[in-house]
Amino acid sequence: MSAAVGAERPQVVSHVQQALSYTVFDCKWVPRSARLLCLGSAARGTGIVQLYELHGARLELLREIEKPKPIKCGTFGATSLQQRYLATGDFDGNLNIWNLEAPEIPVYSVKGHKEIINSIDGVGGLGIGEGAPEIVTGSRDGTVKVWDPRQNDTPVANMEPVQGESKRDCWTVAFGNAYNQEERVVCAGYDNGDIKLFDLKTMSLRWETNIKNGVCSVEFDRKDINMNKLVATSLEGKFHVFDMRTQHPTKGFASVSEKAQKSTIWQVRHLPQNRDVFMTSGGSGSLHLWKYEYPAQRSRKDSEGCEMGVAGSVSLLQNVTLSTQPISSLDWSPDKKGLCVCGAFDQTVRVLIVTKLNKV
Amino acid sequence: MPVWLREHSWRQTLSAVYLSLPLRGARATPANIFCSEQYLKVSIPPFLFEAILYAPIDDTNSTAKIGNGSIFFTLYKKEPAMWDSLTLANADKEKLQYLRENAVLKAHEKAKEETEAKKVTKQEHKKYALKATMKLEEAERKRIEDLKEKERQKVTKELELWKNQQRDGDKYKSIPKKGELHQEIEPLKERKTEKMNKTQIPKEGTSKTRLKSTKGCHASSCIFSENLKEEQLPAPRAAATIKVNFTPRVFPTALRESRVAEEEEWLHKQAEARRIINSDLSELEDLKEEEKNPDWLKDKGNKMFAMGDYLGAVNAYNLAVRLNNQLPLLYLNRAACHLKLRNLHKAIEDSSKALELLTPAVAENERARVKAHVRRGTAFCQLQLYTEGLQDYEAALKIDPRDKNIEKDAEKIRHLIQGTMQSS
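Chains as they are written, first to last, in UniProt numbering: chain A, 1 to 360; chain B, 1 to 424.
Be a bit skeptical, because a hint or two may be false.
[What the hints assert, rightly or not] Here are some of the chain B residues that sit facing chain A, going by a computed Cβ distance under 7 Å:
1. Glu151
2. Arg152
3. Val155
4. Leu161
5. Lys163
6. Gln166
7. Pro236
8. Ala240
9. Ala271
[To be verified] In the DSBU-like style, the derived pairs of lysine-lysine whose C-alpha atoms are separated by at most 35 Å in a straight line are:
10. B:Lys398 - B:Lys412
11. A:Lys291 - A:Lys69
12. A:Lys259 - B:Lys412
13. A:Lys337 - B:Lys110
14. B:Lys292 - B:Lys243
15. A:Lys238 - B:Lys127
16. B:Lys269 - A:Lys356
17. B:Lys127 - B:Lys148
18. A:Lys262 - B:Lys371
19. A:Lys251 - B:Lys346
20. A:Lys167 - B:Lys269
21. B:Lys157 - A:Lys301
22. B:Lys148 - A:Lys356
23. A:Lys359 - B:Lys148
24. A:Lys336 - B:Lys148
25. B:Lys150 - A:Lys336
26. A:Lys359 - B:Lys398
27. B:Lys371 - B:Lys398
28. A:Lys167 - B:Lys408
29. A:Lys291 - B:Lys157
30. A:Lys262 - A:Lys201
31. B:Lys135 - B:Lys122
32. A:Lys212 - B:Lys371
33. B:Lys148 - A:Lys291
34. B:Lys163 - B:Lys148
35. B:Lys122 - B:Lys110
36. B:Lys150 - A:Lys356
37. B:Lys243 - A:Lys259
38. A:Lys359 - B:Lys127
39. A:Lys167 - B:Lys142
40. A:Lys114 - B:Lys243
Since the hints were derived computationally from the structure, they do not count as laboratory data.
Quick reminder that beta carbons are idealized off the backbone N, C-alpha and C, glycines included.
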């Protein structure tokens, strides 16, 4: 359970724990409801989608859907609030969008990649942000593709390695900077430590850097604002917080990095209600809750008079160890502050409540 | 011989005896005073005062006050009676001795008893302290548990409340899904009552949980205007491709895969090798400057090999080796020359030396190692040592599984071996 009971520190309370009969790779809250989805792979090599509802102190299984291929990731980011279609990426490289009321036939389907889709993100839906709904997928074949559900078969943007270049697995993707209809940015993290920022308005590479260790997860603090902060987590327990407001022509973005635990940090998720609070989940089954503090001056001039960013500092609010296996997926509920769900490789999904976030 | 102190003075009451003993300048500490039931001794070397008391006294309660150059004893009598004198008058030597010893023994016993008693009390105190701390810790723990429980219950309650809100919200959501046009809304406790029919324009600012598809609503930025928004969505983006390069590295492996230590070692070794000049200066004095450079000699050798002048190439390599015997490529190339010259044993030697120098095995020297194995393999086969040759070819294949020529040759050798085995 939680560490010391400081009067003001947020506590992580484990509300419900549900054992599953399959490996869960991703778990997501269904927006505007007390329902959550678990996506994963059964032992017989098929994909499972389970829909649970939170009833008091337990989870009730509402629906179970089985698909031919194991499912790695899913998002609600690109659908409208009424429809709430789920976009999933599976082990075979297929991107599908499902209507959970009628899941036999996907609403949209494309074989987007040659290899497993490691990560998926959606933007433009759920009443958040502006612009066309789009889905981005990152795959082991080294490409990052952006899809529009209104256009079949071909991606609207494709970030692929140059001819002849040996490919690196793309492990994570995230949308950001979608504050108006034209602007949009995709950030991709690769297994060799590369982080690349693609600007979809100019269709160009805007920034890249290398953090030496493979990048497990990237996330902007908000998708729908002028890009503010980006957190990238990697193997060997490190994560970096980049201040994305000021880009220096040569030095790029300022960052602060923190080494949290000995093991891989699998996921980072920002609290939807407070963009300076985020949770990281680790390979040792632990969760850390962090708060970012801005520096006094967010940018300063360097010796040549160019603006460069100043990174702030990160402080640990709370940490808790829930499992012995890595916690591979994490999702905050967009409707209830402090409610989150996490899925771990010990085949359990846990619903947690983080208290006292108002005082943070 | 001690100096006896005899100028003592005493007086008595019914229950106590007061004895004053001037010290003649000596300083006394409590350690110098020894007192038991019937025996009193003050020993400050070289001074000595001794008294066998008339009657027994209560030595635990009696006191001695040291000060002003004298000791003032207050001795409480065991039996209240007036003493005739301070000391027993007729005391012969033996009795004195006996009494002294007795006194000492008694004192010892008492001391022992006292320590025992002290130990026991100490133990009891410890136990008590332990129990008390345990109780305190229990209380603390309970307090923390209670706090946690309270938090949990509070949070569960909040969750239930929120869930109920959601459920009511969902009820409204399901209505348009079923395609019903009229929308009857039950007034919710927490919100203002609102009746809506088709003609009325919905109020803004209602909670997020209400999702109703509306007809004829005016454009607004809230979620009611989802239908309108769809028409305002930009067209799908024009398809484009962005080409990316990945971070180049001397060794194209990510940190987690890299064998950095070995690669560093290899680089280091190469750097070292370059710096070695084992020179026999006397012989080399007549050489030109460039002829003393192993790299230049290697290039010369390569050119001669390309032109077919194998002997010349061998000479060049020999000189280079004499200058610097740590460069594996020299041996490798010399092995190729020897192969062409059919000096098979020398070829084998040189390839082996090259392989030795090509440790540690890293990605950088893959090509070189493959070549070395292939050359050695060829030499073995030409000497009809097919099994050794096959071993080398297989090693080469392991390093570079994609080379078709090596595969073909390995196959050929295998057939040869099987052929000879069958025939012999």
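Outcome of the hint check:
1. Glu151: 6 Å, holds
2. Arg152: Where the cut-off is 7 Å and the nearest Cβ of chain A is about 5 Å from B:Arg152, the hint holds.
3. Val155: Result: holds, 5 Å to nearest chain A Cβ.
4. Leu161: 10 Å, violated
5. Lys163: 5 Å, holds
6. Gln166: At 5 Å from the nearest chain A Cβ, B:Gln166 passes the 7 Å test, so the hint holds.
7. Pro236: Hint on B:Pro236: holds, closest Cβ of chain A at ~4 Å, below 7 Å.
8. Ala240: Holds, about 4 Å.
9. Ala271: 24 Å, violated
10. B:Lys398 - B:Lys412: 17 Å, holds
11. A:Lys291 - A:Lys69: 38 Å, violated
12. A:Lys259 - B:Lys412: The hint is violated at about 56 Å.
13. A:Lys337 - B:Lys110: Since the Cα atoms of A:Lys337 and B:Lys110 sit roughly 74 Å apart, the hinted pair is violated (cutoff 35 Å).
14. B:Lys292 - B:Lys243: Not OK: B:Lys292 and B:Lys243 at ~48 Å, beyond 35 Å, violated.
15. A:Lys238 - B:Lys127: 49 Å, violated
16. B:Lys269 - A:Lys356: Violated, because 59 Å separates the two Cα atoms, which is more than 35 Å.
17. B:Lys127 - B:Lys148: Measuring from Cα to Cα gives roughly 32 Å; hence the hint holds.
18. A:Lys262 - B:Lys371: 42 Å, violated
19. A:Lys251 - B:Lys346: Cα-Cα ~56 Å, so violated.
20. A:Lys167 - B:Lys269: Distance of about 30 Å is within 35 Å: holds.
21. B:Lys157 - A:Lys301: 52 Å, violated
22. B:Lys148 - A:Lys356: 13 Å, holds
23. A:Lys359 - B:Lys148: 18 Å, holds
24. A:Lys336 - B:Lys148: 20 Å, holds
25. B:Lys150 - A:Lys336: This hinted pair holds, its Cα atoms lying about 19 Å apart.
26. A:Lys359 - B:Lys398: Distance of about 62 Å is beyond 35 Å: violated.
27. B:Lys371 - B:Lys398: 13 Å, holds
28. A:Lys167 - B:Lys408: 30 Å, holds
29. A:Lys291 - B:Lys157: Holds. A:Lys291 to B:Lys157 sits at ~27 Å (cutoff 35 Å).
30. A:Lys262 - A:Lys201: Since the Cα atoms of A:Lys262 and A:Lys201 sit roughly 39 Å apart, the hinted pair is violated (cutoff 35 Å).
31. B:Lys135 - B:Lys122: Holds, at about 20 Å.
32. A:Lys212 - B:Lys371: Holds - the C-alpha atoms of B:Lys371 and A:Lys212 are around 33 Å apart, at most 35 Å.
33. B:Lys148 - A:Lys291: With Cα atoms ~23 Å apart, B:Lys148 and A:Lys291 stay inside 35 Å; holds.
34. B:Lys163 - B:Lys148: 22 Å, holds
35. B:Lys122 - B:Lys110: The hint holds at about 18 Å.
36. B:Lys150 - A:Lys356: 13 Å, holds
37. B:Lys243 - A:Lys259: Given pair B:Lys243, A:Lys259 holds - Cα atoms ~32 Å apart, limit 35 Å.
38. A:Lys359 - B:Lys127: Violated. A:Lys359 to B:Lys127 sits at ~44 Å, over the 35 Å cutoff.
39. A:Lys167 - B:Lys142: Roughly 57 Å separates the two Cα atoms, so the pair is violated.
40. A:Lys114 - B:Lys243: 18 Å, holds
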